[in-house]
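Asker: Generate the whole structure from the sequences, applying the supplied hints.
To convert, take the position in the sequence shown, counting from 1, and add 4; that gives our numbering.
Hints are computed from structural coordinates only; laboratory data are not their basis.
Keep in mind the model is a prediction, meaning the values are calculated, not measured.
Glycine included, C-beta positions come from ideal geometry on N, C-alpha and C.
You may find that some hints are simply not true.
[Said to hold, decoys possible] Ranges between beta-carbon positions, derived for each pair: (1) 254 with 219: 30 to 38 Å; (2) 92 with 127: 52 to 60 Å; (3) 143 with 269: 53 to 61 Å; (4) 230 with 51: 19 to 27 Å; (5) 138 with 49: 15 to 23 Å; (6) 230 with 252: 56 to 64 Å.
[Unchecked claim] In silico SDA-like links for lysine to any residue, alpha-carbon gap of 20 Å or less: (7) 51 with 130; (8) 51 with 40; (9) 137 with 238; (10) 51 with 163; (11) 127 with 158; (12) 265 with 255; (13) 265 with 276; (14) 147 with 60; (15) 51 with 34; (16) 259 with 191; (17) 127 with 59; (18) 145 with 158; (19) 46 with 137; (20) 220 with 181; (21) 145 with 52.
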Amino acid sequence: FGNLFGGGFGSGFGGAGPRQSRGMRGEDISVAVRLSFEDALKGVTTKISVPQTVQCATCRGSGAAPGTAPTKCPQCQGRGMISQSQGFFALSQPCGRCRGTGTVVEHPCATCGGTGAGRALRKFTVPLPAGVKDGTKIRLKGKGEPGSGGGPPGDLYVVAQVTASPLFERRGSDLAIEVPVTMAEAALGASVRLPTPEGSVALKVPAGTQDGRLLKIKGKGAPKLGASGKGDLIARIRVVTPENLDGEEKDLLRKFAELRKEDPRAGRPGWTA
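Answerer: This is the structure in structure tokens:
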């Protein structure tokens, strides 16, 4: 109703009053930052350059050539709105000449073409905390595009792009790693060294471990983002079957099979002897 009646009943009968412009919030900006898997775990501080809209240095944002200034719009008399009477009512709409600003630029600035703005690189120092994940967003409030009409600026979002690790798979704050073991190590049990983000540690493989078994090492995962402590390291056992056996090795395995005389499929539903 405000637009229909020219801003209210008072102006509906007396013509359009001065336009009360509403400031518009500036747009948000999103910038991707690539970092290594190791840097994501320990946290880093990075520097970025972001192209942004800035005030024209020549006209200082007025859009007018040096030595001149924007003048009152002759069509709307500086109100920014045009009122058209339709009987009892008055319909207000933005002025077509000044586009609702109330001013016009007769002599545009040669640098910005009358827009009052330009583009420039702004530099920021961004701390990326330990434990950031791929896709984590860091918000820099008020560092986006400037607002218009006195509106607030938008925000700058820095999006982490973490490269994959050849060793670890990340699952939240937990890390997973595949640990190859021999048949003898899986059957007899063993202590094997495996890498972690902080160096190698010993992993106890219990006797009789089957392929695919998961073993947990507490506190050796990734830092918990926004909290204290670390996740766990999950070790998935992969039993490696030997290839290219020589005659003696084959004989030993045949003797072992004769000693065991077992069928791992026996007794399972759907399997026949």
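Asker: Now look at each hint and say whether the structure bears it out.
Answerer: Hints, verified against the model:
The hinted window of 30 to 38 Å between residue 254 and residue 219 holds, with their beta carbons roughly 31 Å apart. Take residue 92 and residue 127: their Cβ atoms lie about 59 Å apart, and the range 52 to 60 Å holds. At about 57 Å, the beta-carbon gap between residue 143 and residue 269 stays in the expected band of 53 to 61 Å. At roughly 23 Å, the beta carbons of residue 230 and residue 51 sit within the given window of 19 to 27 Å.
For the hinted restraint 15 to 23 Å between residue 138 and residue 49, the CB-CB distance of approximately 19 Å keeps it satisfied. About 58 Å separates the C-beta atoms of residue 230 and residue 252, a value consistent with the hinted range of 56 to 64 Å. A hinted pair counts as satisfied when its Cα atoms are at most 20 Å apart, and residue 51 with residue 130 qualifies at roughly 6 Å. Under the criterion of a C-alpha separation no larger than 20 Å, the hint pairing residue 51 with residue 40 is consistent with the structure, at around 15 Å.
About 18 Å separates the Cα atoms of residue 137 and residue 238, which keeps this hinted pair within 20 Å; it holds. Proposed proximity of residue 51 and residue 163 is supported: the alpha carbons are some 13 Å apart, at most 20 Å. Annotation: proposed proximity of residue 127 to residue 158 holds, straight-line Cα distance about 16 Å (limit 20 Å). For the hint linking residue 265 to residue 255, the alpha-carbon distance of about 15 Å falls within 20 Å, and the restraint holds.
Taking the CA atoms of residue 265 and residue 276, the gap is near 17 Å; set against the 20 Å cutoff, the hint holds. Taking the CA atoms of residue 147 and residue 60, the gap is about 18 Å. The hint holds against a cut of 20 Å. About 15 Å separates the Cα atoms of residue 51 and residue 34, which keeps this hinted pair within 20 Å; it holds. At most 20 Å may separate the alpha-carbon atoms for a hinted pair to count; residue 259 and residue 191 meet this at roughly 16 Å.
Between residue 127 and residue 59 the CA atoms are separated by roughly 16 Å; this keeps the pair inside 20 Å, and the hint holds. With a CA separation close to 7 Å, the supplied pair residue 145 and residue 158 stays within the 20 Å bound. For the suggested pair residue 46 and residue 137, the alpha carbons sit about 11 Å apart, so the restraint of at most 20 Å is met. With a CA separation close to 10 Å, the supplied pair residue 220 and residue 181 stays within the 20 Å bound.
For the suggested pair residue 145 and residue 52, the alpha carbons sit about 16 Å apart, so the restraint of at most 20 Å is met.
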